[in-house]
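Colleague: Build the full structure now, drawing on both the sequences and the hints.
Number of protein chains: 4
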Amino acid sequence: MEDVVIRPLDKVTLRDPILIEGLPGVGNVGKLAADYLRDQLPAKPLATIFSKFFPPQVYVSEAGIIRLVSNDLAYWRAPASAAHDLLILGGDYQGISPEGQYEITERVLDFCGQLGVKEVFTLAGFAQGRIVDQPRVLGAATAASRVDAMKKFNVVFSRNDPGGGLIGASGLFLGLGRLFGMEGVCLMGETSGYFVDPRAAEAVLRVLTQALQLPIDFSALQAKAQEIDRIAQKIHEAEQHVEGGPSPGPPAREDLGYIG
Amino acid sequence: MEDVVIRPLDKVTLRDPILIEGLPGVGNVGKLAADYLRDQLPAKPLATIFSKFFPPQVYVSEAGIIRLVSNDLAYWRAPASAAHDLLILGGDYQGISPEGQYEITERVLDFCGQLGVKEVFTLAGFAQGRIVDQPRVLGAATAASRVDAMKKFNVVFSRNDPGGGLIGASGLFLGLGRLFGMEGVCLMGETSGYFVDPRAAEAVLRVLTQALQLPIDFSALQAKAQEIDRIAQKIHEAEQHVEGGPSPGPPAREDLGYIG
Amino acid sequence: MEDVVIRPLDKVTLRDPILIEGLPGVGNVGKLAADYLRDQLPAKPLATIFSKFFPPQVYVSEAGIIRLVSNDLAYWRAPASAAHDLLILGGDYQGISPEGQYEITERVLDFCGQLGVKEVFTLAGFAQGRIVDQPRVLGAATAASRVDAMKKFNVVFSRNDPGGGLIGASGLFLGLGRLFGMEGVCLMGETSGYFVDPRAAEAVLRVLTQALQLPIDFSALQAKAQEIDRIAQKIHEAEQHVEGGPSPGPPAREDLGYIG
Amino acid sequence: MEDVVIRPLDKVTLRDPILIEGLPGVGNVGKLAADYLRDQLPAKPLATIFSKFFPPQVYVSEAGIIRLVSNDLAYWRAPASAAHDLLILGGDYQGISPEGQYEITERVLDFCGQLGVKEVFTLAGFAQGRIVDQPRVLGAATAASRVDAMKKFNVVFSRNDPGGGLIGASGLFLGLGRLFGMEGVCLMGETSGYFVDPRAAEAVLRVLTQALQLPIDFSALQAKAQEIDRIAQKIHEAEQHVEGGPSPGPPAREDLGYIG
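Chains as they are written, first to last, in my numbering: chain B, 1 to 260; chain L, 1 to 260; chain D, 1 to 260; chain R, 1 to 260.
Think of the hints as simulated: they come from the structure by calculation, not from any bench.
Nothing here was measured: the structure is a model prediction, and the numbers come from that model.
Incorrect hints may have been included.
Identical copies look the same in the list; a pair holds intra-copy or inter-copy alike.
[Claimed, not checked] In silico SDA-like cross-links for lysine to any residue, where the CA-CA straight-line distance does not exceed 25 angstroms: (1) Lys11 - Phe180; (2) Lys118 - Ile49; (3) Lys118 - Pro8; (4) Lys118 - Ile6; (5) Lys151 - Asp85; (6) Lys224 - Gly164; (7) Lys44 - Pro24; (8) Lys118 - Ala63; (9) Lys11 - Ile49; (10) Lys118 - Val5; (11) Lys118 - Thr48; (12) Lys118 - Arg7.
Modeller: Have a look at this one:
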């Protein structure tokens, strides 16, 4: 089989589309943000991406229906007054080997290039290893002009972070994107790195939607963040109890990992 | 060499064949079921599948004859009154890398598609992590119509199981099968996951043979289940003795893994 | 680059050549036997095999000259009275991944098939996990006729050994060889598995040279075996001393691994 | 995508160019030496090499600009009086899998061969596992003539070192280079192997620049070596203090790994 199979679900012509990437990663920040944006706009399904570089796995819905793991492209037609339609890339996994990461990214960029994409935003989390109350949004970009543009939206370009560079899809879509003549920005929401973080996703999305002038309602994402907070609080209390004495079964810490 | 080599042993035209997959996996349930079905019908050899994604290994028979590890397709011509001939896929291994799983599954599906397959049943075990006295058969399917059809045979479509989806051939044959226009069902026999489980295989086969109206005698499979029970019982007694004091060498627990 | 590169060093026409494979493995038995046979006949260089499935490594000679790791084919022209010329395959490594094992074996078999090979002998060690005083030669073959033929030379075809089959080149050359219409035999010299074992290599070679009626002098191989014995004896004595008290630095056990 | 992508940045015709390879490895000796040579000559950018056999990673500059990890070829035009222009290969990584090492090396050699390269110098560190005060330069070569030529520059061709051969790019560029009709030498600076070692890099470069009659100023490299010495000294003192009692936070040992 082809290493990467892109199955079109629709055939569209888009106006100067911008690609927004948000795949699973640190705190699931990028995926949370991209999925939320797709649902709120809402964007429509454009293509499904299968690959032998994903795990050999299907998901089963509550109704018992299977679905092969994939990445997915959706599109959104902007109002006539706006300059750019959008393409949004989400999915279940990043490629599970280095070669797979390169192959999948290159094929998706090639597909998007044919649709006219010249600009890419990648969304990710940045693990701080500590609880982050007010997540900042860190940035990296393909060109100085993009750095300057994003500073206006309070994106932080830090001399030290990310020190070792970016590993995975959010970096690769920009790095390989340059070989396709694309420019772009990576937006990284600060997060602890310990569990999924809708608050960091909101921080990232607020920058993105300001930059692209997208009117998005954040209330559902905030509700999800509060739900996480409640669970985290219960865990915290339970751990206090455990130190002090026995307590009735609280939600396990690992539950947090599945709230997305 | 080709990544996957399919060597035809016979050339046949089949009537609307249904593919039944049962490869090694949890409790060897799928393989036990598929092999038993093949032997009981009996089905005839159709093709041998070699691949560099299997281990570089040969088996040696008691007579000293080597055989390269493989997957194997057999076919069964149904009586004129029945609608579907059968193809049965068994073998020594699943592909040993994720890429290998995809490549092998895709090649076998392509081969079967050319023979007219539009429907797939995959057989597997579902590890419960505890002794299962009366194994239920859990299901997952490609379409709601299949879910409904299988519920009539007491297949359980559970909201929670399998929670993380299915990994391996039984899921992939359905997930990739859809790209070939095939529909299908995965039947999973509940099993402890600790040793090979002919009883779970029987539960799976009973559903399958009811659904496909195949008259199969289960006595040999039941005898094998009783043999496993006897060994498990001896191990249990031996472990009791060990707790109480020394005992003469009982069958080692790992022996169970080789009874197939 | 090509996955496997076969560089011819000579261009020959051979009479019904038989391929003899002996690559590094258990006790280095196969490699010792094949290298010794090649040196004693002596056989002449025919082709060098490079591959990206070998380690990215060069060896450096005592004179400081580098050599890329490889497998190597040599040929021997039998006297006019004999029916078969020989091809001997030796080398530094087997392929270091399962896929690599398949690819290299398939390419070498294809090359040998073009030279007229229809018969293969693979030489290997069989690890018994205990000191073996009088190594037997165990066998496995592609056909019952070969089993019968080898029994005349006291090759043991055991119901239980090798239980799990053969993993690696010695099995694969036979298993894949059948896809090239080749028949063959694997000869496995019993060995402890703890260090290189010229005695097991001699046992294997004695069967092979009887079967092929090759007049080989074994004195140099026996001298090497005695050298190993002496070192093993010293290690044994040193270990006795260590249990009893301090001793002057004896040869380290790992030295044995490098005597080849 | 292509496994290895070579993007030309300039189009040049060179006079009998010699390739000098220095990629990350033991003590980063080869990379330090090649980078220093490139900066001092100075050499000009010729081509950027991307590959799916590198990590899926981008680096971020202090200004926030991303750059996909790569290897890089630079060229230097020698004065009219000299016989050879130079090509210098440096970069962020060696290929991260054995296959990747072979693929990248072969593609770069092919590219260099088209530019007329017939001679290769590879630069590396040789880990001694102990502090080395006066690093010698060990050698390995493709031919006896090269061994003799390098002995004049006090390169040591030792019967025992490197015992197990060379693993990685510095060996492979010579080993595969021979398949392209290239000859060459590997120069290995002795180093502890514990941290980056500009002193070993200087030793290697002194041999190379003598052999190629390149006038290079070593003061910046020596300054870097002294900086490492100072940090090592502080660590040493700090460790003394730790044994004797508490001490204010000294530079961590791992800091040394990042000084390049």
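Colleague: Now look at each hint and say whether the structure bears it out.
Modeller: Outcome of the hint check:
1. Proximity of Lys11 and Phe180 under a CA criterion of 25 angstroms is satisfied in both settings, with 22 angstroms inside one chain copy and 21 angstroms between copies.
2. Taking the closest pair of Cα atoms, Lys118 and Ile49 come within 25 angstroms of each other both inside a single copy (20 angstroms) and across two copies (23 angstroms).
3. In this assembly of identical chains, Lys118 and Pro8 lie within 25 angstroms of each other by CA distance both inside one copy and across copies; the values are 20 angstroms within and 22 angstroms between.
4. With identical chains, the CA atoms of Lys118 and Ile6 are at most 25 angstroms apart both within one copy (20 angstroms) and between copies (22 angstroms).
5. When the C-alpha separation of Lys151 and Asp85 is checked against a cutoff of 25 angstroms, the pair qualifies only within one copy, where the shortest distance is 23 angstroms, while the shortest distance between copies is 45 angstroms.
6. Taking the shortest alpha-carbon separations for Lys224 and Gly164, only the inter-copy value of 22 angstroms comes in at or below 25 angstroms, while the best intra-copy value is 31 angstroms.
7. Within a single copy, Lys44 and Pro24 get their C-alpha atoms as close as 20 angstroms, which meets the 25 angstroms cut-off; across copies the closest is 40 angstroms, which misses it.
8. For a Cα distance limit of 25 angstroms, the shortest separation of Lys118 from Ala63 across copies, 22 angstroms, qualifies, whereas the shortest one inside one copy, 40 angstroms, does not.
9. In the homo-oligomer, the alpha carbons of Lys11 and Ile49 lie at most 25 angstroms apart inside one protomer (15 angstroms), although the nearest pairing across protomers, at 35 angstroms, exceeds that limit.
10. Proximity of Lys118 and Val5 under a CA criterion of 25 angstroms is satisfied in both settings, with 22 angstroms inside one chain copy and 21 angstroms between copies.
11. Both within a single protomer and between protomers do Lys118 and Thr48 lie at most 25 angstroms apart by alpha-carbon distance, with minima of 21 angstroms and 22 angstroms respectively.
12. Taking the shortest alpha-carbon separations for Lys118 and Arg7, both the intra-copy value of 22 angstroms and the inter-copy value of 20 angstroms come in at or below 25 angstroms.
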